[in-house]
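A.B. asks: Sequence:
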Amino acid sequence: MISDTDNQRVIIHVKDVNDEPPYFINRPLPMQTVVQLNAAPNTPVFTLQARDPDTDHNIHYFIVRDRTGGRFEVDERSGVVRTRGTDPFQLDMEYVLYVKAEDQSGRLPSYEAEIAENQKKDSDIISVKAKSFADREIRYTLKAQGQGAGTFNIGPSSGIVKLAKELDFEDLRQPHVYSLVVTATEDSGGFSTSVDLTIRVSDVNDNAPKFELPDYQAHNVDEDIPLGTSILKVKAMDADSGKNAEIEYLVSDDHFSVDSNGIITNNKQLDADNNNAYYEFVVTAKDKGEPAKTGTATVRVYTKNKNDEEPKFSQQVYTPNVDENAGPNTLVTTVVASDKDGDNVRFGFVGGGTSSGQFVIEEITGVIRLHNKAISLDRDKYELNVTALDDGACCVNGDATIHTSTAVVVVFITDVNDNKPIFKDCPTYFPKVEEGAPNGSPVIKVHATDEDKGVNGQVKYSIVQQPNQKGTKFTVDEETGEVSTNKVFDREGDDGKFVSVTVKATDQGDPSLEGVCSFTVEITDVNDNPPLFDRQKYVENVKQDASIGTNILRVSASDEDADNNGAIVYTLSAPYNPADIEYFEIQPESGWIVLKKPLDRDRYRLRVRASDRGDPPSSADVDVELDVVDRNNKPPIWDMSTYGPVHIKENVTVGTVVTSVKARLRETYKLEAMAQDKGFPPLSRTVEVQIDVVDRANNPPVWDHTVYGPIYIRENMPVGGRVVSVKASSGIENNPTVFYRLMPGSTAQTNKFHTFYLQQRADNGFTWADIKVNHPLDYESIKEYNLTIRVENNGAQQLASEATVYIMLEDVNDEIPLFTEREQETVLEGEPIGTKVTQVNAIDKDGTFPNNQVYYYIVDSPRNEGKDFFEISMQTGEIFTKVVFDREKQGAYALEVEARDGAPSARPNSENQPNSGESRAKSFYLNEKNRKTFIC
4 MISDTDNQRV IIHVKDVNDE PPYFINRPLP MQTVVQLNAA PNTPVFTLQA RDPDTDHNIH
64 YFIVRDRTGG RFEVDERSGV VRTRGTDPFQ LDMEYVLYVK AEDQSGRLPS YEAEIAENQK
124 KDSDIISVKA KSFADREIRY TLKAQGQGAG TFNIGPSSGI VKLAKELDFE DLRQPHVYSL
184 VVTATEDSGG FSTSVDLTIR VSDVNDNAPK FELPDYQAHN VDEDIPLGTS ILKVKAMDAD
244 SGKNAEIEYL VSDDHFSVDS NGIITNNKQL DADNNNAYYE FVVTAKDKGE PAKTGTATVR
304 VYTKNKNDEE PKFSQQVYTP NVDENAGPNT LVTTVVASDK DGDNVRFGFV GGGTSSGQFV
364 IEEITGVIRL HNKAISLDRD KYELNVTALD DGACCVNGDA TIHTSTAVVV VFITDVNDNK
424 PIFKDCPTYF PKVEEGAPNG SPVIKVHATD EDKGVNGQVK YSIVQQPNQK GTKFTVDEET
484 GEVSTNKVFD REGDDGKFVS VTVKATDQGD PSLEGVCSFT VEITDVNDNP PLFDRQKYVE
544 NVKQDASIGT NILRVSASDE DADNNGAIVY TLSAPYNPAD IEYFEIQPES GWIVLKKPLD
604 RDRYRLRVRA SDRGDPPSSA DVDVELDVVD RNNKPPIWDM STYGPVHIKE NVTVGTVVTS
664 VKARLRETYK LEAMAQDKGF PPLSRTVEVQ IDVVDRANNP PVWDHTVYGP IYIRENMPVG
724 GRVVSVKASS GIENNPTVFY RLMPGSTAQT NKFHTFYLQQ RADNGFTWAD IKVNHPLDYE
784 SIKEYNLTIR VENNGAQQLA SEATVYIMLE DVNDEIPLFT EREQETVLEG EPIGTKVTQV
844 NAIDKDGTFP NNQVYYYIVD SPRNEGKDFF EISMQTGEIF TKVVFDREKQ GAYALEVEAR
904 DGAPSARPNS ENQPNSGESR AKSFYLNEKN RKTFIC
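First residue of the sequence shown: 4, per my numbering; consecutive thereafter.
These aren't lab readings, by the way, just hints derived from the structure by calculation.
C-beta atoms are modelled at their ideal positions from N, C-alpha and C, and glycine is treated no differently.
Hints are supplied without guarantee of correctness; some may be wrong.
To be verified - The list that follows gives simulated cross-link-like pairs (lysine to aspartate or glutamate, EDC-like), each with its CA atoms no further than 16 Å apart: (1) LYS165 x GLU117; (2) LYS490 x GLU525; (3) LYS848 x GLU718; (4) LYS730 x GLU795; (5) LYS885 x GLU366; (6) LYS103 x GLU79.
What the hints assert, rightly or not - Listed next, with one range per pair, are the computed distances between beta-carbon atoms: (7) GLU481 x ASP566: 35 to 41 Å; (8) ALA119 x SER161: 18 to 24 Å; (9) ASP566 x ASP707: 24 to 30 Å; (10) GLY153 x SER113: 17 to 23 Å; (11) PRO31 x VAL83: 18 to 24 Å.
Model the full assembly from the supplied sequences, consistent with the hints where possible.
C.D. replies: What follows is the structure in structure tokens.
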């Protein structure tokens with residue numbers, strides 16, 4: 004029983020349960036706002052406002068479904084709706100967002116999942132688990148709030164939520180966020196509880212951008228529009244959302260660029276002259292998904308031509324060659340230029356005009372020639388600046404500006420091989436080489452100059468083989484001109500004191516020219532020969548009554564060496580009987596043995612030594628035997644007992660020969676010979692023998708020169724013409740008669756076929772031999788001859804000696820050029836002026852330049868049908884067109900050309916003009932340009 008009571012105030016705080024949802028207070032519904040077309044990103048366009056009856060619950064705002072293509076976003080805390088992206092908004096277009104407000108405090112547990120729109124049907128999404136505190140079985144059920152019923156199902160026992168049907172993010176009938184309620188119920192009427200399940204569907208980049216049009220075109224776009232000019236706009240859409248729907252554009256032609264709005268501008272200067280005034284390229288729209296997808300469209304831009312192109316030469320530098328001796332009007336080259344605008348082009352030289360120095364240019368064709376006046380090409384090259392000007396004919400209503408361009412023509416002057424090598428210092432060559440010098444010893448360095456250029460002026464040296472010479476005594480370095488010995492010389496042997504050598508310098512032109520230099524090499528002496536007496540022993544009779552000082556005998560020794568090496572000094576000795584030396588002495592220089600005291604014995608034996616003055620000296624000895632005989636009592640006998648009278652003028656000059664007198668010594672020797680038998684006593688008988696001493700004739704003839712030449716004669720020397728005169732003395736006193744013979748050799752060069760003959764004549768007490776031409780000469784067949792002349796005296800033994808004549812022929816212009824072929828040619832109609840159609844060739848058999856240089860001409864005759872339609876290169880024979888041919892006007896042309904050589908003719912009645920070969924006719928047949936005919 005309660006007796007006492009007390010009252011106490013109890014304050015019970017009721018805790019708010021989050022049992023009330025938020026609600027929007029924005030009005031009107033549905034909420035609406037307006038956005039500017041060009042609103043910048045993050046521009047606020049609307050503010051969401053919601054209230055929650057529960058307390059202390061913060062409200063958060065979310066986009067539930069986006070039908071704007073990701074163009075807007077909602078701030079979760081503030082509810083501010085802002086723009087996204089940089090693309091402009093479209094006029095009068097409605098953008099729809101589905102948003103929700105949700106409190107964030109005291110919420111029951113909830114589940115969230117995100118799946119891609121391409122998730123496979125029946126795939127597991129999420130597993131929801133509930134706990135029974137009564138340990139009962141739990142059954143799960145799933146219910147959609149709003150749209151999405153039947154999209155998902157849940158395993159009743161497992162709580163696993165599965166996708167029940169396929170999703171499509173772009174299907175407007177399907178939400179992007181599914182709000183589901185999962186209920187867990189205990190078996191047998193137990194408790195149940197529910198939980199929210201939110202499944203968000205994410206976009207997959209499964210749609211490619213698509214252009215509004217498959218083909219975009221822009222017409223009449225000026226080719227000279229400024230860079231960056233807008234040409235057209237393309238637009239593509241992507242059904243995906245977010246970045247998968249964001250598009251960037253690309254173009255395939257770098258002449259153009261495109262921005263993010265699809266506006267195409269020119270990135271480079273356009274050119275209506277290329278691609279037929281038409282540009283076609285592909286524009287690509289590419290989304291920002293991963294991986295990205297693309298769509299394409301074709302863009303065609305048609306440009307309008309303006310006169311904005313300058314003529315262009317086919318090459319910036321032309322390098323033709325022209326011979327230095329080219330004549331007036333010679334074709335140099337043809338410059339070619341074209342204008343992409345289609346304008347006509349005219350040519351000239353920089354500075355104006357069609358003439359520049361030695362050159363002229365044809366205004367229409369671009370053909371450059373030498374001037375038609377006298378030409379002097381004295382430089383290595385000429386540089387011409389050529390202009391090409393258009394006439395603006397392409398664009399009548401356009402820019403009338405005349406455009407020009409320039410090119411350089413460098414005309415190289417080709418050297419013609421018209422100068423032969425010359426040894427300018429040849430007259431000063433007097434080399435020496437010591438006899439015995441080893442093979443290869445240097446002799447002299449020769450030098451020849453050639454005023455031509457290039458290979459025509461490059462000289463190589465060689466040795467000219469001397470007539471009758473076995474082998475080459477010298478060699479020469481073909482590059483340096485260094486002459487060296489090719490043998491060991493013996494001055495006292497066959498080589499002699501002087502050796503002739505001829506060096507030839509040949510240039511490298513085609514044909515080559517040559518020059519020669521002949522000089523004499525002196526073989527200097529060394530003391531390699533001892534003195535040699537003219538007898539092995541001297542035996543002489545000495546008159547018994549010879550007086551003191553009488554010249555008894557003269558010994559003679561010779562030394563083949565030169566100078567001091569050949570200067571002889573005589574000394575006398577008496578090795579057999581020393582007393583004999585008392586009677587004689589010898590003159591050291593002359594070799595005369597002189598009597599010193601009266602003779603008193605029958606015989607004297609002496610020895611003479613001949614020593615040269617070399618260092619060291621060489622010497623030789625000879626014995627001298629002197630027999631004493633009775634004195635000679637027979638005086639000389641005059642040829643005449645009386646000479647005269649001799650008549651002379653009173654004013655005759657001192658030294659004039661008045662007359663000649665002659666006496667001879669008729670020396671007669673009488674001997675007594677005895678024949679005795681061997682009987683006993685022996686019997687004998689004597690007989691007198693008389694010997695008369697007469698003059699001996701054992702000397703051979705002596706030539707003025709043993710080698711004549713080289714002697715240069717022209718190949719057209721007439722038969723009977725004198726080549727050279729030679730002379731020899733008989734070698735016999737009082738008998739000057741000699742006989743000459745021209746010896747035939749074994750080859751044509753050595754007179755095997757009697758090309759030359761000899762004619763003997765007397766002149767001023769001497770007998771000469773004239774060598775004359777017996778048959779016509781031809782330089783092109785044989786260029787040199789090596790003749791041997793023999794001379795005999797009229798002595799008892801008819802001794803002989805020989806000399807050599809070396810004859811060189813000089814070429815004359817006696818051959819005419821001959822064409823090598825006769826042809827027909829085909830010319831295509833419509834070919835430009837200056838087109839090469841053929842080349843003729845002629846050969847001149849002359850052996851030297853310029854006799855064999857060939858020049859070509861078109862015959863200037865009324866009969867020459869093609870003379871006005873073709874032109875020819877004088878140097879090369881190349882034939883070029885002078886007009887553009889039309890086969891329909893005339894189908895064939897005959898052209899007559901002529902070849903002339905380069906020097907006055909040596910043929911009779913030539914009137915000092917070059918030789919001309921027979922003219923050659925060529926036939927040209929015209930073909931249509933797309934056909935080719937071969938004429939055999």
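A.B. asks: For every hint, state whether the structure bears it out.
C.D. replies: Tested hints:
Annotation: proposed proximity of LYS165 to GLU117 holds, straight-line Cα distance about 13 Å (limit 16 Å). Proximity of LYS490 to GLU525 is assessed by CA-CA distance (about 14 Å); at most 16 Å being required, the pair is judged to hold. Between the alpha carbons of LYS848 and GLU718 the distance comes to roughly 14 Å, so the proposed pair stays at or under 16 Å and holds. Straight-line distance between C-alpha atoms of LYS730 and GLU795 comes to about 12 Å, which keeps the hinted pair within the 16 Å bound.
Taking the CA atoms of LYS885 and GLU366, the gap is near 14 Å; set against the 16 Å cutoff, the hint holds. Only pairs whose Cα atoms come within 16 Å are accepted, and LYS103 paired with GLU79 is accepted, the gap being roughly 10 Å. Distance hint for GLU481 and ASP566: a CB-CB separation of about 36 Å, consistent with the stated range 35 to 41 Å. For the pair ALA119 and SER161, the beta carbons lie near 23 Å from each other, so the given range of 18 to 24 Å is met.
For ASP566 paired with ASP707, a C-beta distance near 25 Å keeps the hint of 24 to 30 Å intact. Separated by about 22 Å at the C-beta atoms, GLY153 and SER113 satisfy the suggested range of 17 to 23 Å. In this structure the hint that PRO31 and VAL83 lie 18 to 24 Å apart at CB holds, the actual value being about 19 Å.
This entry satisfies every hint, going by the numbered hints stated previously.
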